[in-house]
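Chemist: Residues per chain, in single letters:
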Amino acid sequence: MKNIIEVRDVKTVFNNNYIHDGISLDVKQGEIYGLLGPSGCGKTTLLREMVMLQKFSSGSIKILGHELNHIKYKEAQKLRQEWGVLFQAGALFSSLSIRDNIAFPLVEYTDLSEKMINEIVEFKINIVGLNQSAANLYPSQISGGMKKKAALARSLAMDPKLLFLDEPTSGLDPISAREFDALILKLRDLLGLTIVMVSHDLQSIYDTLDSVAIIDNKKVVYEGSLDNIKSVKNEFVQTLFGKYDE
Amino acid sequence: MSNSSLKILHIDNKLSLIFKGELNLNNISQYQNQIDSIDIKDLSNIVIDLNSIDFIDSAAAIFIYGLENNLLYKDVKINTVCINTEVIDMLLLVKRDKESSSKIENITKRSLIEKIGAHTHQNYLGFLSFMAFLGELFTNKAHYIISPKNIRLKEIAFEINESGIKALGIVALTSFLIGLVIAYQSAYQLKIYGANIFIVDMLGISVLRELSPVITAIVIAGRSGSAFTAQIGAMKITEELDAMRTMGFDPYRFLVLPRIVALIITLPILIFVSDMMAILGGMLVANIDLGITTELFLDRFNEVISFKHFMIGISKGPFFAFLIATIGIYRGLMVKNDTQSIGFNTTKSVVESIFAVIVCDAIFSIIFTSLGI
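Those protein sequence lines, which keep their order, are chains A and B. FYI, the numbering for the first sequence is 12 to 257, going by this note's numbering. FYI, the numbering for the second sequence is 524 to 896, going by this note's numbering.
Just chain A, same shape as in the assembly (with noise of 0.2 angstroms):
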């Protein structure tokens, strides 16, 4: 399968300290690729560099065929369209209403009509399983786990190809993190998304992801599928997954 994301020897440097001592990896279409390590080893930095947000010091990464190094200005905002991101905690427009909210990328990039805006908003809320009523309330009025569901909404909104999650279950109850798990597995399904997500949630590490990458110590210790995770030499993946069984 063709990859959708290349990283190559990626290294980054934060006065001389190095968050990333080259890190390659390969994420493939189709798949929920999953970004784990102890906290602060830079996983959320490693997404950040992938989304544009900052810039890595050597080494490439390349997203659905573009190359982030020399990337241009028109391509970068094509890019920007063909990817959609969830920020931890949502990070909707607090001056907007849910509902402007999700249509906000539609009003700016399309020319489409109102009414056809106000249909696509309708599609979007109902897939990622919220309630219509929330339409028309501010990010402040909702809860923790409906501003997830607005933000992925959002984030859906211009039927991108590729979906970058931060922590999508952190701060959710357990039965709301395992229906957002099964909400992210339908998406995928439904409309053939390849999913990058950085998570700490083992249950939804088991129920979602098909491949992971485990970053420890600045490196990449492991790539690839869960199966044989177990015999992996690290001492994070022993204490994450050493003693739990499917």
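Honestly, I wouldn't trust all of these hints.
To be verified - Subject to a maximum C-alpha distance of 25 angstroms in a straight line, what follows is the list of computed BS3-like cross-link-like pairs (lysine-lysine):
| id | chain 1 | residue 1 | chain 2 | residue 2 |
| --- | --- | --- | --- | --- |
| 1 | A | K83 | B | K664 |
| 2 | A | K241 | A | K83 |
| 3 | A | K39 | A | K22 |
| 4 | A | K172 | A | K73 |
| 5 | B | K632 | A | K158 |
| 6 | A | K158 | A | K39 |
| 7 | B | K672 | A | K83 |
| 8 | A | K39 | A | K66 |
| 9 | B | K672 | A | K126 |
| 10 | B | K543 | B | K618 |
| 11 | B | K638 | B | K859 |
| 12 | B | K677 | A | K126 |
| 13 | A | K73 | A | K229 |
| 14 | B | K672 | A | K85 |
| 15 | A | K13 | A | K83 |
| 16 | A | K66 | A | K230 |
| 17 | A | K229 | A | K244 |
| 18 | B | K664 | A | K89 |
| 19 | B | K543 | B | K530 |
| 20 | B | K664 | A | K85 |
| 21 | A | K172 | A | K158 |
| 22 | B | K689 | B | K677 |
| 23 | B | K672 | A | K89 |
| 24 | B | K597 | B | K537 |
| 25 | A | K197 | A | K229 |
| 26 | A | K22 | A | K230 |
| 27 | A | K13 | A | K89 |
| 28 | A | K73 | A | K85 |
| 29 | A | K73 | A | K89 |
| 30 | A | K230 | A | K73 |
| 31 | B | K677 | B | K664 |
| 32 | B | K677 | A | K22 |
| 33 | B | K859 | A | K66 |
Please keep in mind that the hints were generated in silico from the structure rather than gathered at the bench. In this text, all values refer to a predicted model and were calculated from it rather than measured experimentally.
Dock chain B against chain A, hints included.
Modeler: Relative to chain A, chain B alone:
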């Protein structure tokens, strides 16, 4: 406490420290003092007897560990005896931890010169980042000019309402009172010389040229500058700015430029309102205190105050607006990922923009005077 004790036996060059009862963080300092008072120069053998202890907490275990280590340097033979396994476990735990873990680094104190250097460097970096911000701002302005459809009229209108129309009341009231006070204070002086009518000259020039622009700018800096910083800072903390960037919406286009443009449009209008209100306040005092009728006041005003004074005052508006808005927004973008920094940057934003307005006014004053206008 009461149920613990330390017995010190000193025989020849052998010292026994016999602890009894419960050893915890409430009584170790007292024992430390007791032990410190012993002259250990000619000792060769020390026994720490913990046999009759029934409880030890971690602080006390660290105390025992420290005791052993301190004496170790002085070439003394130490024996710690203990039979209670719980106590031994605690001592071992502390020992293992102390030997393996790294110490918290002491913060090295900086000398005065180092501090000044670091501070200067910090300010220099701050200046550079402000320049980088201005650079980005101007390249984005270029985008604006190239394709007018990039202009966000809706946002600009919203900001004009927020920072302009809603500020009318406070600007009007402040200016009215300033005009009133200035006229009242000078009326007293002018009366002495019988130069009552000159209140019109004095008020007209000072208000139109200097007072109104500066007072309005200061009110707006306190009102809108701080609001810009807090709004954009909060958006940065909640990752809204990042979310916008990943969706391809440049925050400069959506948040920064509309605010700057809106303020550039509104400030001259607010200065005009302020002019009117301040003169009105002065006119009122002139009428009551100096007996100058409205007709006389306006006639004289028409005669002595030329149009250029008004224009000079108004033309300062866009410059002040640019300073207030850019500093406010720049400070907002400087907010780090903690709530403290919102307060810090909001304060900085107001102080810096008021300072910048006054410096700018001084520069204008010099330029206009040397140009003879």
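Chemist: Hint by hint, which ones does the structure fall short of?
Modeler: 2, 5, 6, 25, 32
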